[in-house]
Amino acid sequence: MARYGMVMDMRTCVGCQACMAACSTENQTPFWSEKFRTHVEDKETGTFPDVRRVQLPRLCMHCENTPCLSACPTGATHMNKDGIVLVNYDRCIGCYACCIACPYDARYAYDSEDVARERELYGKLVTHDVPHVDKCTFCVQRLSEKLEPACVATCPTHTRIFGDLDDRKSEVHKLAASGKAQALNQGLGTSPKVFYIPS
Amino acid sequence: MTFVHQEVWHWQIATYLFLGGLGGATFAISAVLHLFEGCDRKMLSVAVMSSIAFLVIGTVFLLADMLQPLKAIYALTNPRSWIFWGVVFINFYFVAAIAYVIPLLEEWPMLQPIIQKIPAPILGLLERFNKLVALGGSAAGFLVAIYTGLLISAAPAINFWNTPALPLLFVISGFSTGAAWLLLLSMLSSNPGAQAISAKLEQLDAMLIVTELIILGAYFNFAMFLPTGARASAEFLFHSPVFIVGFFVAGLLVPLAIETWGIFFGGHSEKDKPKLTMLLASALVLVGGYLLRIYVLKAGMFQYPW
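In order, the protein sequences belong to chains A and B.
Take 1 as the starting number for the first sequence in the numbering used here and just add one per residue.
Take 1 as the starting number for the second sequence in the numbering used here and just add one per residue.
Not one of these hints is a red herring.
Dumping the calculated EDC-like pairs for lysine to aspartate or glutamate here, alpha-carbon to alpha-carbon at most 16 Å:
no. : chain 1 : residue 1 : chain 2 : residue 2
1   : A       : Lys35     : B       : Glu7
2   : B       : Lys71     : A       : Asp111
3   : B       : Lys71     : A       : Asp90
Since the hints were made in silico from the structure, they are not lab data.
The following block holds chain B by itself, in its conformation from the complex (with noise of 0.2 Å):
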């Protein structure tokens, strides 16, 4: 038996997989938020157009890491591979995120002029159907964001990667970094309506990353258990001073501290709020996101029967 790191994906493809995960989540928490809190449409068109950028900039760098990324319209062949589904998930995002934003993009005067080139009719029914958009945009965030682990887990010999936690810790994780995302964008808006949800927010990411820490208590518990490639995995990234230290302590504990100080002790009023810790909480999180996904890259261990 022999354990050996792949070669084959490398930080491009963490980028890519980061960021799908921090543009879907991001879409799926705008919408939701409109949904149910009626959120300060000039935040949510922020929150959306960033998140069409976060995908745009990750399927750059997904294309740059292939060999003939020309070609890349053949991956809507297969629907046995993963990957087409990623294509679809990724389109149908992209397609309700322009639809939902657009007539958001009406509070933004200096866009006026490109709004109303838009037929009126169009303009209306994107106006008209603008929830039921959102309730499909937050399908299509969930899915991109679940997809990410999806693509990752169907590596029948890397046995740290081909378990079905990992999905579950990468959308727990993409929903997390899409809240502290949102987070961030809310606390540096001047806009009373965007400050407002800031609070529900902050509750929202605690409880992912409490959810993240049981999801990786349950997972690291697994790998741990059997003398398989996942032990190797897990063993290598126990002893990656900067997974320890920069996802786990940095990028989970350190961000639900301050989060769990700000829900009891942090004061109701804006005003009371420790405006630039909140910040530094939300930064933490991003970081981490990406540090967990590059580390879990790097991690991936072949188990050979030789």
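Pulled out of the complex, with its shape left as it was, chain A reads as follows (with noise of 0.2 Å):
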């Protein structure tokens, strides 16, 4: 049993979102539809002269005290052993209770159009087989497997580092516990287990 998290070092990011496409690949999300698991920010800051641009990538928290599945009435949103939230596709009943109470806007319809559409980009290997709202998994299928999520294994430069949270030998450890690292919107509560190292 593990506690999978992931750290962003925000000093490193690029914007290339190559994040967003291996995600899409790999998950079958409607990119036809822009609806995405996960985002990269592209933010200005400051006042000119002095501006500069900040990519902040974003995905699902996975939070430990989520609102999600509070809100969520058919128990279709819950959490593995490993601290994953996950949807039960087959459970959701697509009231968007979740994706109301989500604060950090991961969570989207799988819509039946998107559904068609899927079909007919992927025939028999599609994987959202009914309409639902979906989100990040942290690519538990490849878990699974021994494999990183496919957005970590993709990113070129190392800005997101994925592992156990609670092995104090990985790297995701020493750095969400070094301090450098912190969560989003933390004075709700929601613990997340995503963090960011600021650039």
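Quick one: dock chain against chain with the hints and give me the complex.
Set out below in structure tokens:
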């Protein structure tokens, strides 16, 4: 039993969006509707002439105290033994209560039009066979094969560092415990398992 | 920090919230009137049947907004979710409302053949415990009305919704629309028993509107105080003419003025009552209640940390 988490090193992110492409390919997310499980926010900060661009990669924070899990009336949203927040597609009624409850904009509707388009593109290989609310799973299907999430494996600048937060030898544990990395919206008490090293 | 308008729940959910509040409050007020005022049974039956219709239509709007409405039964799985409790409250409401209204329907001769098909012992029980069911029904109606506010307040990143004031605002607004609907029914009824209750409903609605104004004042004071998404939402509403004119002026101040005038200067006999003006006041409260929910949903803004 692990406690998977991620550290985003914003000092190295160049905003190439390869993570978004890799995730979309791996998880058949509806890129045709511009819906993604992971995004890279491209922000401009400061005032002229002291301005800079910042890239902030984001995805589901797999919170310890999950507002989405509390809001889900059907139990479709659940946490597995490794602390990964997942959605049971067959159980999801698509009431969107989880989308409203999520403070990190990490969820979207995989609606019937997306399911139909996915069938056209992937044929028998479809993974989203019914409409549901979708989100990042830390590529749970890859973890079971001892592979890293697709976004982590693809990132060319080692911005995304993934691993078991409880494994003291892991890089992700060391960075998360170093004090350099901070979680977003900590005041909400959601205890995210994704941390950010500011640029 | 980024403020982003929520694009998840739209007018369909606003309609559900409005009809839920209206239906729940209509039944709750009807039941209380029955218990303490002994209101006309014919009018009560129309009121409760209409409140059931509001809840049914509202539920249809909710289901229509879902991705998988046929699986809605799964919503009774997680007691930590407000939707779970909403389903419980609404079912409790339906059972209480139907059990309550059946004996009242005997007042309608054309429905007698249908009522008589119900076994006599069951009908006898429903008649015997009618007031007890009314008591349970008033609780069910209240719970449904307040649930509509609790549902949307469970949004930690939408500061404008995530406040104890919102369920209070929705329940008071729901009861105001319920009182307005009953006032409308009583004014339209030709039955003297129903008309007799209109003065009380007029007073009740005026008191509810004053309470709603106080809650609105506290709510907006809270929203404007901190530089959060709540302030951005409040500013959005202040700059929405339909919210200001349609809800605040036409849906609250005008009906309050009409009802206050009716209470103090409208005369005491039914002939003296300006019927058309009172009907207008009731209709404005109902439209205002709907606009409030549409605009509160529109004003919901996520406060993202990026």
